[in-house]
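Please take these sequences and the hints and turn them into a complete structure.
Keeping their order, the protein sequence lines are chains A and B.
If you're matching positions, the first sequence starts at 64 in the working numbering and goes up one per residue.
If you're matching positions, the second sequence starts at 4 in the working numbering and goes up one per residue.
The set of hints was computed from the structure by calculation and includes no laboratory data.
Just so you know, not all the hints are guaranteed correct.
[Unchecked claim] Restraint ranges, calculated between C-beta atoms of paired labels, are given here:
| # | chain 1 | residue 1 | chain 2 | residue 2 | range |
| --- | --- | --- | --- | --- | --- |
| 1 | A | 548 | B | 17 | 19 to 25 Å |
| 2 | B | 29 | A | 475 | 41 to 47 Å |
| 3 | B | 139 | A | 132 | 33 to 39 Å |
| 4 | B | 29 | A | 463 | 56 to 62 Å |
| 5 | A | 459 | B | 90 | 21 to 27 Å |
| 6 | B | 48 | A | 109 | 39 to 45 Å |
| 7 | B | 29 | A | 559 | 47 to 53 Å |
[What the hints assert, rightly or not] List of simulated lysine-lysine pairs, BS3-like, C-alpha gap at most 25 Å:
| # | chain 1 | residue 1 | chain 2 | residue 2 |
| --- | --- | --- | --- | --- |
| 8 | B | 137 | A | 556 |
| 9 | A | 433 | A | 417 |
| 10 | B | 137 | A | 478 |
Everything numeric in this text was worked out from a predicted model, so none of it was measured.
Where a beta carbon is used, it is the ideal one built from N, C-alpha and C, also for glycine.
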Amino acid sequence: MNELEMKLEQTDDPCLDEMTLLLYAERQLDREAAQRVSLHTQTCTRCLTLLRALDRESRLLTRSMLEQDEPLPARLAEFHAQVKRNMQWIWGVIFGLAVLGVYELYANYITPVQTQLNDAGFTGSSLLSLVVFQGAFWKGWASMFGLFQFLAVTVMVGFGLFAFRRYLRRGSAMAAVVLSGLSVLLASASPATATEFRKSDTVTIKKGEVITGDMFLAGNHVRIEGEVDGDVFVFAEQLEVSGRISGDLIGFAQTERISGVVDGNVRTAANNVTITGSVERNVTAWNESLNLDSGGKIGRSLTVGGESVVLDGKIGRDLLGFFKNGTISGVIGGSVRARGEMLSISSGAEIDGKTKFDGHKEPSVSADAKLGSPVEFTKVEHKHEARTGDYYLWRLIFTGTFLAFGLVLAGLMPKFAAESVESAGQVGISFGLGVLVLFGVFIGSLIACATIIFFFVGISSLMLWLIMLMAAEVVVGGVVGQWILGRSDEFWKFFLRVALGVVIIRVITTIPFIGFWVALAVCFWGMGAISLTLYRRLQPAFAPNIPPAPMPPVGMSTPLPPSTTVGGI
Amino acid sequence: MSAPGKTEPIELIAQARTGDTQAWGDLYRQYAPAIFRFCRRAMPTREDAEDATMEIFMKLRDKLVQYDASRSFTAWLYKIAANHCWDMLRRKKARHDKDMDDITEVPLECPEPNQLEKLIEERTGEEVRRALDKLGLRARMALVMRYYSDMSYDEIADALGVRRQFVGVVLLRARHELRQALGESSALAVGGAR
Chain A
64 MNELEMKLEQ
74 TDDPCLDEMT
84 LLLYAERQLD
94 REAAQRVSLH
104 TQTCTRCLTL
114 LRALDRESRL
124 LTRSMLEQDE
134 PLPARLAEFH
144 AQVKRNMQWI
154 WGVIFGLAVL
164 GVYELYANYI
174 TPVQTQLNDA
184 GFTGSSLLSL
194 VVFQGAFWKG
204 WASMFGLFQF
214 LAVTVMVGFG
224 LFAFRRYLRR
234 GSAMAAVVLS
244 GLSVLLASAS
254 PATATEFRKS
264 DTVTIKKGEV
274 ITGDMFLAGN
284 HVRIEGEVDG
294 DVFVFAEQLE
304 VSGRISGDLI
314 GFAQTERISG
324 VVDGNVRTAA
334 NNVTITGSVE
344 RNVTAWNESL
354 NLDSGGKIGR
364 SLTVGGESVV
374 LDGKIGRDLL
384 GFFKNGTISG
394 VIGGSVRARG
404 EMLSISSGAE
414 IDGKTKFDGH
424 KEPSVSADAK
434 LGSPVEFTKV
444 EHKHEARTGD
454 YYLWRLIFTG
464 TFLAFGLVLA
474 GLMPKFAAES
484 VESAGQVGIS
494 FGLGVLVLFG
504 VFIGSLIACA
514 TIIFFFVGIS
524 SLMLWLIMLM
534 AAEVVVGGVV
544 GQWILGRSDE
554 FWKFFLRVAL
564 GVVIIRVITT
574 IPFIGFWVAL
584 AVCFWGMGAI
594 SLTLYRRLQP
604 AFAPNIPPAP
614 MPPVGMSTPL
624 PPSTTVGGI
Chain B
4 MSAPGKTEPI
14 ELIAQARTGD
24 TQAWGDLYRQ
34 YAPAIFRFCR
44 RAMPTREDAE
54 DATMEIFMKL
64 RDKLVQYDAS
74 RSFTAWLYKI
84 AANHCWDMLR
94 RKKARHDKDM
104 DDITEVPLEC
114 PEPNQLEKLI
124 EERTGEEVRR
134 ALDKLGLRAR
144 MALVMRYYSD
154 MSYDEIADAL
164 GVRRQFVGVV
174 LLRARHELRQ
184 ALGESSALAV
194 GGAR
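Shown next as C-alpha cells:
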C-alpha cells in the first residue's frame, strides 16, 4: 500500500485533495485506489465538481494548445530551406561596411595616437603588439597585408563567424573551443627559445655570470649584477639592476633601481623607480615616483605616469607624462607632452622640441632653461565643475525626453516595442549585431548619401539609424526594468518598467568614465535588439502551399487527455 | 501514448528510413507543422521554436534508422522533440523554476470547484496560450508534454529529469500557475481553503 492509498484510507477529511483527483482523472492511481475515489465522487458533490473541473481544464489545455493560431513559418516550409538565403547578402554588406568603419576609425583616430605613442616609446615589444601582432601566426604575413587583403581576410572571418552564429548563440562548446583555439593561435606570442625561471627570497645574478635567453625572476630581493642576454621579467619587492640586460626589462616591484645598462626597453610598474644607469631604448613607467638621476640616461623616449617625476638625466627623444608634480632639469632631445597638476622646468633643463603642458597650474619655467619653443600651456578645468547646475539640469531634461520618447514608442508601436525588449533579452546576439549596425548602417548611409541615385535611400537610412540610436536606451531600459519588476504585457506596467530602466541607465551613465562605456554598450545593445526585431519582422511569415498537418498529434483523435472519462463523469 | 495506428504513414516512414529523399520530404511536410506548434508552445520565443523545429528534424533524420517500427512513430517523435526542447532550455540556462525541494514542500491550496469551473468556462484558447507564456519553463514544458503531445508520466519524468512521483506535482503546480495567470486579468480568485 503506497502513501497515497494510506492517505485515502486514513484521512478523516471526507473530501479528497486535488492531487488525488488529478491523478485519478489521469488514470495514474492503481485499481484499488481508483475504485475508492470513484465511490467517493459518487456521493460527494464537491469532489465530483472538482473532478469535472479538472477534466474540463485538461480539455481546455489540450484544445488551446492544438489550435492552429500560427502558420508554419516559410523558413520551415522545406527541410532544406532552413538557410536564410534571401537575407544573407545583407549581413555580408553590413559586415563589410562595419569593417570599413573600423578601418576608418583605425586610420583616422587610432593610427595618429599610435604614432604618438610610438614616438613616446611604445614600440617593438609593447604589450599590445607583442600579444596581437607578434604572434606566431603573423610571422611572414605582415608584408602581405595591404588594405584590401586586410579587408578580405576580415570579411572572410566575419562570414565564418556568421556561419557559426547558430552555434555561438547556443554556446556550443565545440564552437567555443574552435574559436578559442584560433584566437590563441592568432594571439600567442612567439615561443621563447630558452627561458629560465628563478624564484627565491633573494635572487641574485652574480657579477660575471652570463645568462643567455629570457629570464623570469621572482623574489623579495632581486639583484642583477651579471649579464642577461635576453629579456628579463621580474616580480619583486626590491629590484636592483647593476649589471647588463641586452633585451627588455619588464618589472613589477616596490622599489626599482637601475644603475647598470639595459640595452632594450624598460617597462615597469613600481612604487619608486630610480634610474642612475643607462636604458638604451624606451622607458615606460607607472609608479608613485620616478627619478632619472643626473647620471641616468634614456636613449629614446620616456612614457611615465605617476605622482612625482623628477628628470635630471638625459632623454634621447620625447617625454610623454601624466603626473601630479613634474620637475625637468635634465636634457630632453625631443618634445615634451605632459598633463598633470604642476610642472617645473628648472635652470639646467634643455628641451629641443616643443613643450606642451595641460595642467591645473601654469608651469614654472626658469629663465635659464633652454627650450626649443615656448611652453604651450592649457589650463585643465576640474570635471566636477562642469557637472554642476546646467549639466544635471540637462541630464534631467534628457531623461524626461527619453521617457517621453519611450512613451511614444510604446504607445504607437506597442508590439514592436515589446518585441524589441524581448530581443534585448538575447544580450549576446543583440550586442554583436548592434556593433555592426552602429558602424555599418551609419557608414553605408553616408556612402549612399554621397551618390545621386541613392541619396534619398541614404537620408532615410540615416534617419532610421538616428531613431534607432535614440530608441536604443529605451529598449535597454525596458529589459532592465523587466529584470527588476518582472515581465508585463500591460501598457502602463510595461512603460513603468521602461521608465525605471531608463532612469537607472541615466544614473549610471552620469558616473564619470564608466558612464561613457555604459552608454556605448547601451547603444550597441539597444540598436542590436531593434535590428534583430526588424530582421525577424522582415522574415516572411507565411509558408505558401503548405497543407495543414494531416495527422494530429497523438491523442488528437480523442482530443481529451486519454484518461479523463472517469467514474461518475 | 497511443499505439501506432492507421493514421501513421508507416510506408512513408519505412521509405524515409531507407534514405528516400522524396519520402523524407513528405514525412517532414506532414509532421513539421505539429512539431513547430509543439515547440512554439514549449519555447519562449518564436525564433527559438523555429530553430528547435529544424534541429529536431535534423536529429530525427540521423536517428530514423534507430526507430523501432513496432512503436508509435508520433510518440517517438514527440519524445525527441520534448528532449530537445528541454535540452535547449537547459543549455540556455533559462530555467527559472524552483527546485524539486520546493515542489515537495510547498503545499498547494485546493481550488474552490465552482470558481474553477467558472474560470475555465470564461477563458478562450488564446487567453490560455497567453497565460502559458507567463508560466515557468518547466511548468509550461510539463503541460505541453502532457496535454499537447499526450506523453505518459514516465516519459515526462524522463524528459524533465525528475522522479516519476513528482510529475503529478509538477503538473498540478503548473495548473495552479496557469490559473493564477488566467485569473490575473479578471482578478478572479480561484484558490480557496479546503
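Hint by hint, here is what the structure shows:
Distance hint for residue 548 of chain A and residue 17 of chain B: a CB-CB separation of about 54 Å, inconsistent with the stated range 19 to 25 Å. Between residue 29 of chain B and residue 475 of chain A, the C-beta spacing of about 45 Å keeps the proposed range 41 to 47 Å intact. A beta carbon spacing of about 22 Å between residue 139 of chain B and residue 132 of chain A contradicts the range 33 to 39 Å that was offered as a hint. Checked against the hint of 56 to 62 Å, the C-beta distance between residue 29 of chain B and residue 463 of chain A comes to roughly 60 Å, which is consistent with it.
Between residue 459 of chain A and residue 90 of chain B the beta carbons are some 48 Å apart, a value that contradicts the proposed interval 21 to 27 Å. Distance hint check for residue 48 of chain B and residue 109 of chain A: the Cβ-Cβ separation is about 41 Å, which falls inside the suggested range of 39 to 45 Å. Checked against the given bound of 47 to 53 Å, the beta carbons of residue 29 of chain B and residue 559 of chain A, roughly 51 Å apart, stay inside it. A distance of roughly 15 Å separates the Cα atoms of residue 137 of chain B and residue 556 of chain A; the hinted pair therefore holds under the 25 Å criterion.
The straight-line distance between the Cα atoms of residue 433 of chain A and residue 417 of chain A is roughly 11 Å, inside the 25 Å bound, and the hint therefore holds. Between residue 137 of chain B and residue 478 of chain A, the direct Cα distance comes to roughly 17 Å. Compliance with the 25 Å bound is thereby established for this hinted pair.
Violated hints for the displayed structure, listed by number in ascending order: 1, 3, 5.
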